[in-house]
Amino acid sequence: MPTLDSKPLDYDVMIVGAGVAGMESAASLGDMGYKVALVEKNSSIGGRSILLSKVFPTLDCASCIVTPKMAAAAHHPQIDPMVYTEVDSIVRNGDGTFTVDLHKKASYVDFDACTGCAQCEIACTVAVPDQYNYDLVARRVAHIPFPQAVPKKAVIERHGQAPCTHTCPAGVKPSGFVSLVRAGRHEQAFHMHLADAPMVGSLSRACYAPCEGECTRGDKEGTVHIRAIKRYMVDRYYADHAVPEYGPVENQLATRVAVVGSGPGGLTAAFHLAKAGHQVTVFEAESHAGGMLRHGMPRYRMPKEILDRDILNITALGVEIQTGTPVNRIAELKAQGFDAVYIGVGNQKPRIIPIEGRELPGTEIQDCMRFLRETNVGDELPDIKGKHMVVLGGGNVALDVARTAVRMEAASVSILCLEPREKMPAHGWEVEEADEEGVRICAGGATKRLYRDAEGQAQLEYLKVGTIEFTEEGKLKSFKATPGTEQSLPADIVVLAVGLGPSTDAFRDELGLTPGGIITVDDQTLQTSDPVVFAGGDAVLGPSIIVEAMGQGRRAAFYMDRMLRGEAMDVSFGDTLEMTDKQTVLDTSKSWRPVAPVALPVRPPKERVQSFECYEQTMTEAEARHEANRCLNCGECSQCQECVRVCPAFCIDFDMKPKAMQLQVGSVILSTGYEILDPARKVPLGYGTIPDVISGPQMDRLLAPTRPYNGVLRPSDGKEPENIAIVLCNGSRDHTVCNPLCCRIGCMYSVKHAQLVMGALPLADVTIYYIDIRAFGKGYDEFYEQSKGMGVNYVKGKVARVEQLENGNMALSYEDMEGARGLKKREHDLVVLTVGFLPNTEPFKLYKGGTLDADDFDYVRELDPVSEPCCTNVAGLFAAGALVGVRDIPDTVLHAGAAAAQVATYLESARAN
Amino acid sequence: MSPICKIEREMLEIVQDEMVMKDRIAALLAQGPRTIPEIAEALHHSSYEVTIWLFAMRRYGDVEEIGRADVDGYFKYELKEKPANDAAVGSEER
Numbered sequence: 001m002p003t004l005d006s007k008p009l010d011y012d013v014m015i016v017g018a019g020v021a022g023m024e025s026a027a028s029l030g031d032m033g034y035k036v037a038l039v040e041k042n043s044s045i046g047g048r049s050i051l052l053s054k055v056f057p058t059l060d061c062a063s064c065i066v067t068p069k070m071a072a073a074a075h076h077p078q079i080d081p082m083v084y085t086e087v088d089s090i091v092r093n094g095d096g097t098f099t100v101d102l103h104k105k106a107s108y109v110d111f112d113a114c115t116g117c118a119q120c121e122i123a124c125t126v127a128v129p130d131q132y133n134y135d136l137v138a139r140r141v142a143h144i145p146f147p148q149a150v151p152k153k154a155v156i157e158r159h160g161q162a163p164c165t166h167t168c169p170a171g172v173k174p175s176g177f178v179s180l181v182r183a184g185r186h187e188q189a190f191h192m193h194l195a196d197a198p199m200v201g202s203l204s205r206a207c208y209a210p211c212e213g214e215c216t217r218g219d220k221e222g223t224v225h226i227r228a229i230k231r232y233m234v235d236r237y238y239a240d241h242a243v244p245e246y247g248p249v250e251n252q253l254a255t256r257v258a259v260v261g262s263g264p265g266g267l268t269a270a271f272h273l274a275k276a277g278h279q280v281t282v283f284e285a286e287s288h289a290g291g292m293l294r295h296g297m298p299r300y301r302m303p304k305e306i307l308d309r310d311i312l313n314i315t316a317l318g319v320e321i322q323t324g325t326p327v328n329r330i331a332e333l334k335a336q337g338f339d340a341v342y343i344g345v346g347n348q349k350p351r352i353i354p355i356e357g358r359e360l361p362g363t364e365i366q367d368c369m370r371f372l373r374e375t376n377v378g379d380e381l382p383d384i385k386g387k388h389m390v391v392l393g394g395g396n397v398a399l400d401v402a403r404t405a406v407r408m409e410a411a412s413v414s415i416l417c418l419e420p421r422e423k424m425p426a427h428g429w430e431v432e433e434a435d436e437e438g439v440r441i442c443a444g445g446a447t448k449r450l451y452r453d454a455e456g457q458a459q460l461e462y463l464k465v466g467t468i469e470f471t472e473e474g475k476l477k478s479f480k481a482t483p484g485t486e487q488s489l490p491a492d493i494v495v496l497a498v499g500l501g502p503s504t505d506a507f508r509d510e511l512g513l514t515p516g517g518i519i520t521v522d523d524q525t526l527q528t529s530d531p532v533v534f535a536g537g538d539a540v541l542g543p544s545i546i547v548e549a550m551g552q553g554r555r556a557a558f559y560m561d562r563m564l565r566g567e568a569m570d571v572s573f574g575d576t577l578e579m580t581d582k583q584t585v586l587d588t589s590k591s592w593r594p595v596a597p598v599a600l601p602v603r604p605p606k607e608r609v610q611s612f613e614c615y616e617q618t619m620t621e622a623e624a625r626h627e628a629n630r631c632l633n634c635g636e637c638s639q640c641q642e643c644v645r646v647c648p649a650f651c652i653d654f655d656m657k658p659k660a661m662q663l664q665v666g667s668v669i670l671s672t673g674y675e676i677l678d679p680a681r682k683v684p685l686g687y688g689t690i691p692d693v694i695s696g697p698q699m700d701r702l703l704a705p706t707r708p709y710n711g712v713l714r715p716s717d718g719k720e721p722e723n724i725a726i727v728l729c730n731g732s733r734d735h736t737v738c739n740p741l742c743c744r745i746g747c748m749y750s751v752k753h754a755q756l757v758m759g760a761l762p763l764a765d766v767t768i769y770y771i772d773i774r775a776f777g778k779g780y781d782e783f784y785e786q787s788k789g790m791g792v793n794y795v796k797g798k799v800a801r802v803e804q805l806e807n808g809n810m811a812l813s814y815e816d817m818e819g820a821r822g823l824k825k826r827e828h829d830l831v832v833l834t835v836g837f838l839p840n841t842e843p844f845k846l847y848k849g850g851t852l853d854a855d856d857f858d859y860v861r862e863l864d865p866v867s868e869p870c871c872t873n874v875a876g877l878f879a880a881g882a883l884v885g886v887r888d889i890p891d892t893v894l895h896a897g898a899a900a901a902q903v904a905t906y907l908e909s910a911r912a913n
Numbered sequence: 001m002s003p004i005c006k007i008e009r010e011m012l013e014i015v016q017d018e019m020v021m022k023d024r025i026a027a028l029l030a031q032g033p034r035t036i037p038e039i040a041e042a043l044h045h046s047s048y049e050v051t052i053w054l055f056a057m058r059r060y061g062d063v064e065e066i067g068r069a070d071v072d073g074y075f076k077y078e079l080k081e082k083p084a085n086d087a088a089v090g091s092e093e094r
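Protein chains in written order, with the working numbering: chain A, 1 to 913; chain B, 1 to 94.
If you're looking for bench data, these hints aren't it; they were derived computationally from the structure.
From the three backbone atoms N, C-alpha and C, an ideal C-beta is built for every residue, glycine too.
Treat the hints with care, since some could be wrong.
[Stated by the list, open to error] Facing chain B, a subset of chain A residues (Cβ under 7 angstroms, in silico):
#1 Pro129
#2 Arg625
#3 Lys719
#4 Gln804
#5 Gly808
[Claimed, not checked] Below 20 angstroms or equal to it, Euclidean Cα-Cα: the simulated EDC-like pairs (lysine to aspartate or glutamate) are:
#6 Lys385(A) <-> Glu613(A)
#7 Lys6(B) <-> Asp135(A)
#8 Lys22(B) <-> Glu621(A)
#9 Lys22(B) <-> Asp135(A)
#10 Lys220(A) <-> Glu13(B)
#11 Lys6(B) <-> Asp678(A)
#12 Lys220(A) <-> Glu10(B)
#13 Lys590(A) <-> Glu10(B)
#14 Lys6(B) <-> Glu827(A)
#15 Lys590(A) <-> Glu13(B)
#16 Lys220(A) <-> Asp17(B)
#17 Lys590(A) <-> Asp17(B)
#18 Lys582(A) <-> Glu13(B)
So that you can see chain B by itself, here it is in the shape it has in the complex (with noise of 0.2 angstroms):
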């Protein structure tokens, strides 16, 4: 994949797509830790707009950064463990 990265699409179009690719992202890091250029050249998508989502998951506590950026530069992320009793998604029907 070339790194050339531009912004093709706008950020409010991005975002929306989170929800989607979320779960892919996580699907991927569920075999294992990946960096962000490692995540995106997997689901043939802009490192760019991997990051937007990667940043998201990690905002809402489904990603983690592992130690300290390698000798490229660059971070690794898994997935992280949630509390049993994380009450935000899958908890009871009221």
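Chain A extracted, bound-state conformation (with noise of 0.2 angstroms):
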């Protein structure tokens, strides 16, 4: 590798921008023994010219111009292309080299294995606007840019992680399966989310849904519903398949692994180890698998035959469950062999308070576990119609019993709790309905004794809560009742539900435990204070909810997995990419249509609470596509992985990330090319209103032969153009949006529209409206006069206005500016507009350590483009094609070819030097 002085550099020079300008010069420069680095930020070479349909005068095909030169670059020995690779920072070295900061986006593909085969695209499930089509089309997140792209690889983008998914602990990916139900496709939905978590019927009635609580939605009319949509998914799925589809995994391993425990965070545990091929048996005390879904929940809430078809989901990968069966002592299990335990115990010890007058004759209290698990498992319920009960607490498991005791037709139900009710501990709208079924709230009240009235009922006689103080994490710290504020309510039945504790003292010998029982365990790994023993859920991190046990209960496979295959643990675990920001989405559609949330299907409550049945019921397919489809599409990429079912080369990863790269040179070139004017600002021309005013680059692609459409048809109702107005000049030497510049091109990229349209559409009228038609270039004015001579119509006139008409075509107002003269108005029905080009001013951010001068127009300054070509004030940094100034493809071939000499010229005078 050749060094201007004693540091080696990676390449001779590094050229940004692989359009035109930037394959030309790194051709030359390739050509003459230099190493270049080619870098570009799109996900192929070619840059604008490749989308052209085809070039002027010659009307030679654009492809067959481009590809070429974009074969050349690529296949180069001497020239490394760095697609979808975005420069950050050009420095200036003392010596005369470069320090260039860049860094590769994650494409999420590996480029070696991609065949270009485009099945992740077909797959794909979020549709965007397609910029290579100038928004014309759709295309997918999952995309190849164009047909002839170099390469012909996919990218998918990703612009974060949706919050939904970002926020949920079981790395459920709500953006995926919500993005599958609104394709339609619910059973490649279900199989998604199982591949998360298995227990998706559980999950559909019972998890208080923290993804709601993040969607972005929620800040506009509504959140979606996201877990009625994954009811609809699994009621149908079920529906369908009574059981799993799959068996054991076949590469099965001779390692055996004990799960303590059937809940939620156990049986995910065991899920995910079996699937890795450990051999894995889950020990429960209980009589029914399930932990609290089984006994801690009310059968309106969480229907038994929902929780076992899901236990079917994991028992289908071998895993025995073998109940009624307490694991008292885990070296117990050593002893049978087992090779690993997860402790999954849960949180099932009731915490007991003593009441003043507890032993009173005739009165019951009990514990909400026992009370829950009674009506839960087992042929009968508990008797307690006509009685008065009164339950002690204010968090979800009070109001489980209390709802549920208002189904068992007591005589009547209250709930006693310290917190005032804008501070109970249960979700507000679960104590709304607890009201609307008659369950009684008093909030604030402090239990002071039971006693037996005057006509014989048992009383629970309470305080009102003076003062309560509450920690920085919500739990109570501290309250004072006042006296003299007594009053009461009837209880034959108290039932405590004012905390639970973990089911861990089993465990306090061979554990560490905290002295409140709950398992101490390395924070990443959870690990225990044994290395072969992990532990998760409740009797880790204390009352938590479903998809916290069950995110436990993976991370915990996955530690295990890699112990037992003795694999490294200081690896991390789950999708690391930062959260989409709200704000910034919320931006993007604040101008969309609001759609409000499908009113979700609920019995009435006087209907409800005549039965254990489940008030919440499935939405048709009709509604839960339309919940799913008021998605935003937060992260741009939904995670639905459909591209990683379908693809055939197994070379979508996820796990990609950006990759910052710094490199020595001895010289740049800038060749970055310009940007289009957005026709939308001139506003009385109607492009952005009316569909069938279109620009320039859209006709474009209309004419191309990888068009959008099957034709030249108008973007209003796909019919073909009988009569075409192309207007000249729109943004370009105009000072209203601050461009004085002549765009160069116009004119002759406008006769080259007419001319093609005149092929493709043989009976068409076309119109070109200008101020004057500079054809300057070599052949050129032989092509305006060609395109005169084939019945193209020139009217010298600068149009005003475009409005449309009653038949859906355009009328143009313009001033005459030849003939008859005056202000005329002229009918249309298809408009195309001219637009002028703008400087890029991407470059001036780019070069750091100094000011990389501007020209009056904002177009990088050459020191003289007649002696010095392509020569910035900053010395080796050079710049190449429309960058300095808008020319057409042979000029800038042209203007390429002398950023490459002069380059050539840089290089060796440093080596001489």
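Assembly of the complex is requested from the two constituent chains, each provided in isolation within its own frame, with the hints serving as guidance.
Written as structure tokens, this is what we have:
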């Protein structure tokens, strides 16, 4: 590798931007023997020219002109094309070389393996406007930019992780299954969910859905009903598949794992461990598997047949569940030959508080878990008909007890809790529903005593809470009851739901526990004080929600698998992509039409308290898809995994990260091209409001062989136009948009459009409205005259306004500068605005440690276009092509050749010195 | 339906609906070929938005045009038969 001084160079020259100019300079320098880095921010080289239909004045196919240059640049032995790579900074060193910081963006596709088959693109469920077709049609988030792309590789656009997915503790990807349901693929949606968490049905009923709390739509018309969509998805799937479609994995290992506890965390751990090939046995002390889902959740929330079907998802993998088998010592499991143990025993030990008068004859005090267990398991419900019940506590378990008692025809059910109603630990909606069902909520009350009144009715006396304090985490810290505020509630039965503790007493001698019985674990791996024992869920977290327990089960399984395979444990777990900025999504969608949430079908309170039937009902397919379509695609890619599923080359990699690089180069050529003026800035011309007013680049796409439509058609209705207007100089030579320059190429590319349209639509009339025709290049005037000979109508006149007529066509108002003169109107059925071009000012931000000079029009300034073309004010930093002023393709090629010569001169001079 | 057709929604908002609308369009075309205005009228959507959805469907091989445009300049579109071994959607689970 040549050097300019003692510091080795990675490349002789770096070229930033791989359009026509960049490719031409690269090929010239490569041919001279220099080592070239050709950096392109898009995933294909070729720039804007490859998107053209044909080139003027020869009407050669643009692909035929540009693709050989693309191939030459891509396959040249001296050129390293670096696509999907952005330069962050360019700094000139003291010795005249340059240090360039850049990063390769994460494409989430292994380019070495990708065959460009586009199966991922066809399967992708997120549609976005296609910038390579100037928004005339949609593409997919997983996409190959255009058919002639070099390299022809797919990329997946991800703008962070959707908030719903980012927030799920279980690692479920709501953005993914919502996107699949929207696309009508409920089976794939189920499988995608199953891959992350097996208790799909249980979550569709009982999850408190933290995802919905983070949904960006929630800041607009209301959160997307993610859990209800999941319910539709799982109900459809389970109706079609009474049993799982799969069995144990092929690669079975000899390693044996014991899982203690069959709650959501334990079952999730068992599922993932079994998928990894381990032999898993779950030990459950109760008579039925399911933990809190089985014993702690009322059937109106958690139907047991759904739970049973969920458990089949785990046992289908070969997991054995031994019920009625409590584990009292871990040592016994080791002695039985288990290589690792997961403790997921949960929080089922009720906290008992003393109540004065608890011995009152005829009253019954019981703990919440006993009550719920008896109502959830077994053939007969306890008889509380006609009895008065008071539930102590304000959490979700208290609500479950109270609402269950209402369904068991208790005479009255009251909830008494210390917190004021708005501070109750239970979810607000659940308190409201309990209220609707007739539960009396006595918030802000402290138990005093049990007594029997004059009529012989047992009463629970309580005092109003005067002051109450909470910790920063929202937990109750202290309270003070106000004497003299006594009130009473009838209380034949008092149920204590004032907290649950971990069921870990059996392991006190074998594992490190806190005084409160919480198992101490490594935060990352969930490994306990015993290296082969892992723990998670409520026994580690304290009271938690189902998805948190499942998340811990999955995390522990990941590290247990690594431990059992003898792999390093110091690796991270889970997707670390940052969450999308919600405000950006809201800003993008601020003008979108409001779409109200689907009203969830729910039975009325009087009907639902009659039985333990689920009171929430399942949405129809149309409702579910409509609701799913309210998703704002916050992360762009939804992570639906369809690309992963269909890729025949297994090349999708969602763990891919951007790769930062720093390169030392001898010289730099900037060739980042130009910007296209947004024709919507010329408001009276109707672009952006009238569909059949299109831009010149859009017309080029309609005429290209790889066109978005099946011909030159009107965007408004797909009709072949018959009378086309091409309007020149929109935003060029135009002080209203601060662009005084002639665009140099608009006249000729419009003449090209006219000729090509007449070829495509021989019966169409084409009119070009112009100020003056600038046909200055070789063969250009002949090209212009040829168009006139073909019948193109030229009108010298400035178009001031475009309006839509009743018949759908457009009226152009223009000043006739020849002929009869005066203000005129003419009707057309398609209007093409030949737009101006603007300087690309991005390169000014890239050069650090000095100033890269701009000319009066904000293009990069050439020191002297005549004697020192391509030279900027920074020695060794050159500019090629449209970056110093818009030009046509032949002039761009010429200019790029000059840049290559300047670089060679610079490098050789440096070496000579 | 009035021939006047305005752009009333942003492109990103329109294309997002494609995943729902394409099945409705497919269901309609299953009854027989139709022009874009005919589809728009049947679905009560603007023909501009139908154009966007339909050409995305064409791009990804769901529909195709039939022959040449009619005397009014409109093509009819029909559902495209897909090869039996199309791996994109509905292929074997991995």
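Each hint tested on the structure:
1. Pro129: 5 angstroms, holds
2. Arg625: 5 angstroms, holds
3. Lys719: 4 angstroms, holds
4. Gln804: Since chain B brings a Cβ to about 6 angstroms from Gln804(A), closer than 7 angstroms, the hint holds.
5. Gly808: 3 angstroms, holds
6. Lys385(A) <-> Glu613(A): 19 angstroms, holds
7. Lys6(B) <-> Asp135(A): Given pair Lys6(B), Asp135(A) holds - Cα atoms ~16 angstroms apart, limit 20 angstroms.
8. Lys22(B) <-> Glu621(A): Given pair Lys22(B), Glu621(A) holds - Cα atoms ~15 angstroms apart, limit 20 angstroms.
9. Lys22(B) <-> Asp135(A): Holds, at about 18 angstroms.
10. Lys220(A) <-> Glu13(B): With a Cα-Cα distance of about 15 angstroms, the restraint between Lys220(A) and Glu13(B) holds, given a limit of 20 angstroms.
11. Lys6(B) <-> Asp678(A): 18 angstroms, holds
12. Lys220(A) <-> Glu10(B): Roughly 17 angstroms separates the two Cα atoms, so the pair holds.
13. Lys590(A) <-> Glu10(B): 10 angstroms, holds
14. Lys6(B) <-> Glu827(A): Holds, at about 17 angstroms.
15. Lys590(A) <-> Glu13(B): 11 angstroms, holds
16. Lys220(A) <-> Asp17(B): 18 angstroms, holds
17. Lys590(A) <-> Asp17(B): With a Cα-Cα distance of about 17 angstroms, the restraint between Lys590(A) and Asp17(B) holds, given a limit of 20 angstroms.
18. Lys582(A) <-> Glu13(B): Given pair Lys582(A), Glu13(B) holds - Cα atoms ~17 angstroms apart, limit 20 angstroms.
Comparing the model with each earlier hint shows no violations; every hint is respected.
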